[in-house]
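Asks: Here is what each chain is made of, one letter per residue.
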Amino acid sequence: MDTNLQLKPNLMLDLSEKVDKFFPLYRPELRGQNRQDLRYLPGDLIGEIYPELVDRRCIKNNLTPEQIEEYEQYLVCELCGRRCAGTCVLD
Amino acid sequence: MTSTGIGFGIDFGTTNSVAAIADQSTGRSRPFTDDEGRPHPSVVWYHGDDVTVGREAKEQINRYSEEGLHYFATSVKRHLGYEKSFNIFGKERSAAEIASEVFRHLKTHARLSRNEEIKEAVVAVPVYFDGRQRRELRQAADEAGVFITTFVHEPFAAIAGYLFGQEPEISLEQLDRSKILVFDWGGGTLDITVVSVKSGNLTELSTAGLNDRAGDKFDESLMNAVQSSFLTRNELNITELTQLKSTKDRFLVECERAKITLSDKKKDNVRVAQAYQTESKLYDIDESVTRAEFETLISQDIQAALHEIDKALHKANLDRSEITHVLLIGGSSNIPALKRALADRFGSRIKTVENAGTIIAEGAAIIAARQIWPVLAETIGINLSDGSNYKIYDAGTPIKSATGYKPVNMFCTDPRDGQARLVITSENNIGITIKDNLVIPVSPDLLKYRNERVEVKFRFDDDLILHVSGKGATKEKNESLELFDIKFGLYTG
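Going down the list, the protein sequences come from chains A and B. Using this note's numbering, you'd call the opening residue of the first sequence number 324 and step up by one each time. Using this note's numbering, you'd call the opening residue of the second sequence number 53 and step up by one each time.
In isolation and in its complexed conformation, chain B is listed as follows:
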């Protein structure tokens, strides 16, 4: 976020990542896509002392992945937050270190191709990303020289991109009390989120999704189908053929291209030159695929996706008719069979966007340019010894590290066991839930004269992690804990 109204947003995805810029004065946002106009694959290729990231890395995976001097790191986002490290040519590299290469690639690409320097950005994360994962993501960005001003949930960024990226802009007042279902089907995952809009606040009501049934899997299904069709037509057996090292990469790239084309055209050809060879002959693949054939291949995945929608609605205790908008984003949402199935269920409430693959990054950039902050989606409090609940932060409080510090002076009502017990709660429309307990040592000896005072401090950090610490007046050591799963929404008013 800058004072000039220019903001950068980054969508760090499991399979693809992209950065974007937004200018508040013009209301325009622009993604930094690669030379093909698509997001950058989140693939990091280590070869010798060099590191290559993006499409060039993705297109070499199968060619070199079995050779000792090449290491490909894919889907690194899934490993963030677990303190996982990878042995790359004898050197231990953390997931954050690998992820930093993706950030570095996005930053370098923006500088070289668009002459824009990304120094700070709002980064979109999935709703299920907890504080540990956000912390490692920040480390990754820091290593690449990108300061994360704040995090935003991906579906909220998509909604911001949809509402504020329109001409004329749609205001949230028009959508007050509506329920938006964000259907994000990308390359690696399907993420469905039901979002409530109330008085300018976006809060998540429920989530559902699929982990391994998305665009990349469709490419492989199409590749297998084309391969069988090729073998049958030429009366060949796969065991008789030798596959060139680069065949699988080229085959997958071609299948991905055909898959995208089949969203607009009814028929396309998958062509891979010199894909296989026998002792005497080289074979090229040139098979035609129709949209109907492709849709049959993935029909079970589409059914599974529709089932996930029902699951998300059930969790949110909502009926289909209560959903006012269904926002389709992610590359796989362009599949016509999916659009038809959704239109049967939601009719004209389906909203599609042209920039489905980059809308999250653009939304995050708009959030950065407008200086919108995340807000608490639940009230955080503590249980007192008399059974009452004392509020520390109200729902709707903006989460900024500078304003999030709150000390509370307390005393221990029964220190006979030498322990003061702090019970931290969260409260939403369903009720009060216990978040965690903190046991603080106190002295039982003071009892005759005075109950021991206990100072409890609450603080949010930039990763939206709540730190709670407590210290008895007679003790020197602080006891502390971190709450990683605080729910946050977005206030756009």
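Same shape as in the complex, but just chain A:
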């Protein structure tokens, strides 16, 4: 049955690439964990589990533009105090 109901997929091929660092990881305990899959995680999720990767001084090196956008969408706005993704200034 063809369906018009599409869930957003959250699966990625596990190619098991032996890449120690895709991101310049600062925490030595994370090295060797083969986290090449981080590039496919949503930006807000990376912000939750690795706050150091989304530090504004290095975020552009660590995350892809899409991940940065995803991360920023969930930041609490200093102006309105909500997760408004910058839309409060448009009101």
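There may be inaccurate statements among the hints.
Stated by the list, open to error - No farther apart than 20 angstroms at their CA atoms in a straight line, the calculated lysine to aspartate or glutamate pairs in the EDC-like style are these:
hint, chain 1, residue 1, chain 2, residue 2
1, B, K317, B, D338
2, B, K171, B, D194
3, B, K527, A, D337
4, B, K509, A, D337
5, B, K452, B, E108
6, A, K331, B, D438
7, A, K383, B, D438
8, B, K527, B, E507
9, B, K527, B, D497
10, B, K363, B, D264
11, B, K250, B, D446
12, A, K331, B, E108
13, B, K297, B, E108
14, A, K331, B, D469
15, A, K331, B, E479
16, B, K300, B, D338
17, B, K443, A, D337
18, A, K331, B, E531
19, B, K523, A, D337
20, B, K458, A, D337
21, A, K383, A, E393
22, A, K331, B, E507
What the hints contain is simulated information worked out from the structure, not anything from laboratory work. Treat the numbers as computed from the prediction; the structure is a model and nothing was measured.
Please build the complex by placing chain B on the supplied structure of chain A, with the hints as guidance.
Replies: The following block gives chain B in isolation, referenced to the frame of chain A:
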């Protein structure tokens, strides 16, 4: 399919069914028709502990159908795939069980009359038959001791029967890039399919059809017309007459015979002895019918059929001039008025065959003898989290259960809600369509250390159903789904 190049094919029809044999070494195919040289009616008659199938059953329907000790199952093909059961003398019988009687009849008939044992066969099914229906059909065949090696779409079987049954044989290379319209008007339905031939592959472009306007309805129309003519001529009123129990059966059989005769002759007589009676007299029916009268009776049905052709062409985005062959099959395609109307539209591109009633079974037998397999008509893939599409099976892949298994290792990019979402897609020349979604439970707790691995498995079974299952590494239970509507074609190269 056997290693000796002999193959059996079965056309399990709504109103008629027939089996056939083909020999690859001689290139010949032969149908196992009944004693009258016609396919076997798909009618199952339960009476007491006995079961009768075929023409004998069909000819008794109206005589006994109102009596409690007789049960007639007709058009059982329409009930396959819906898990429907029928209460026959207090015992529940599934549609597959009833259909198995038809298979058993075909098998027994082949053994007794032609000394051929049908142990396995390629079975032709309509294009719209989905996996559930094919699965029940397999159950029916299994119960009768016939193993279905594979299924083939009826129009493809007809094309195979037409091309390979010719002397000399027509090769598909000669027809490359052509579009064939298969017009199959049988006893129960009209099925129109536009088929594309490309590099040895047969794929369906569009379908259309009518469900209740076919041969059986024409018999009834003719019967009603003959009855009114008889009553008018004898100045009788139907309320004054008593009809014998067997009259309707004999009347319908006679009308069917006259209908077939009128395709060759311009005039025929419908004769039913002792059809009606009053208190003092018995009446025989003996009315003449002309071909023109019969064609007037069904003119609206012919117009409806022509409209369906336009619909099929519209769906396939084709013009009449782009159709290279129009293959006429099924008994009702022999009606001269229909042939004239089609000749006006398609001219010499109309192809008729002598074995129009059995060509599907013969084509299926040829496919069995040549060991031709169905192939995927669309690419099956999955949507990935980065928006790309990953192909699992390419279009043109032969569908065999032994080679169809594919495991894919994946990981969940965002397991915060405890769900991995697999989106299965199909891709054809129109674009990518979502086929279905499978939600696989995963654990959100592992996230800090590693994304949970998910093993997804794809597998085709013999009924051309795609099974997809997935399991998170931390979970014990598999989640699975079945896709019943995978489109398949035929590779004859």
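Asks: A separate judgement is required for each hint: does it hold in the structure or not?
Replies: Outcome of the hint check:
no.: 1; hint: B:K317 / B:D338; result: 17 angstroms, holds
no.: 2; hint: B:K171 / B:D194; result: 10 angstroms, holds
no.: 3; hint: B:K527 / A:D337; result: 18 angstroms, holds
no.: 4; hint: B:K509 / A:D337; result: 14 angstroms, holds
no.: 5; hint: B:K452 / B:E108; result: 39 angstroms, violated
no.: 6; hint: A:K331 / B:D438; result: 10 angstroms, holds
no.: 7; hint: A:K383 / B:D438; result: 19 angstroms, holds
no.: 8; hint: B:K527 / B:E507; result: 11 angstroms, holds
no.: 9; hint: B:K527 / B:D497; result: 12 angstroms, holds
no.: 10; hint: B:K363 / B:D264; result: 17 angstroms, holds
no.: 11; hint: B:K250 / B:D446; result: 16 angstroms, holds
no.: 12; hint: A:K331 / B:E108; result: 58 angstroms, violated
no.: 13; hint: B:K297 / B:E108; result: 16 angstroms, holds
no.: 14; hint: A:K331 / B:D469; result: 13 angstroms, holds
no.: 15; hint: A:K331 / B:E479; result: 18 angstroms, holds
no.: 16; hint: B:K300 / B:D338; result: 15 angstroms, holds
no.: 17; hint: B:K443 / A:D337; result: 15 angstroms, holds
no.: 18; hint: A:K331 / B:E531; result: 18 angstroms, holds
no.: 19; hint: B:K523 / A:D337; result: 14 angstroms, holds
no.: 20; hint: B:K458 / A:D337; result: 15 angstroms, holds
no.: 21; hint: A:K383 / A:E393; result: 13 angstroms, holds
no.: 22; hint: A:K331 / B:E507; result: 18 angstroms, holds
Of the numbered hints given earlier, the model fails hints 5, 12; all others are met.
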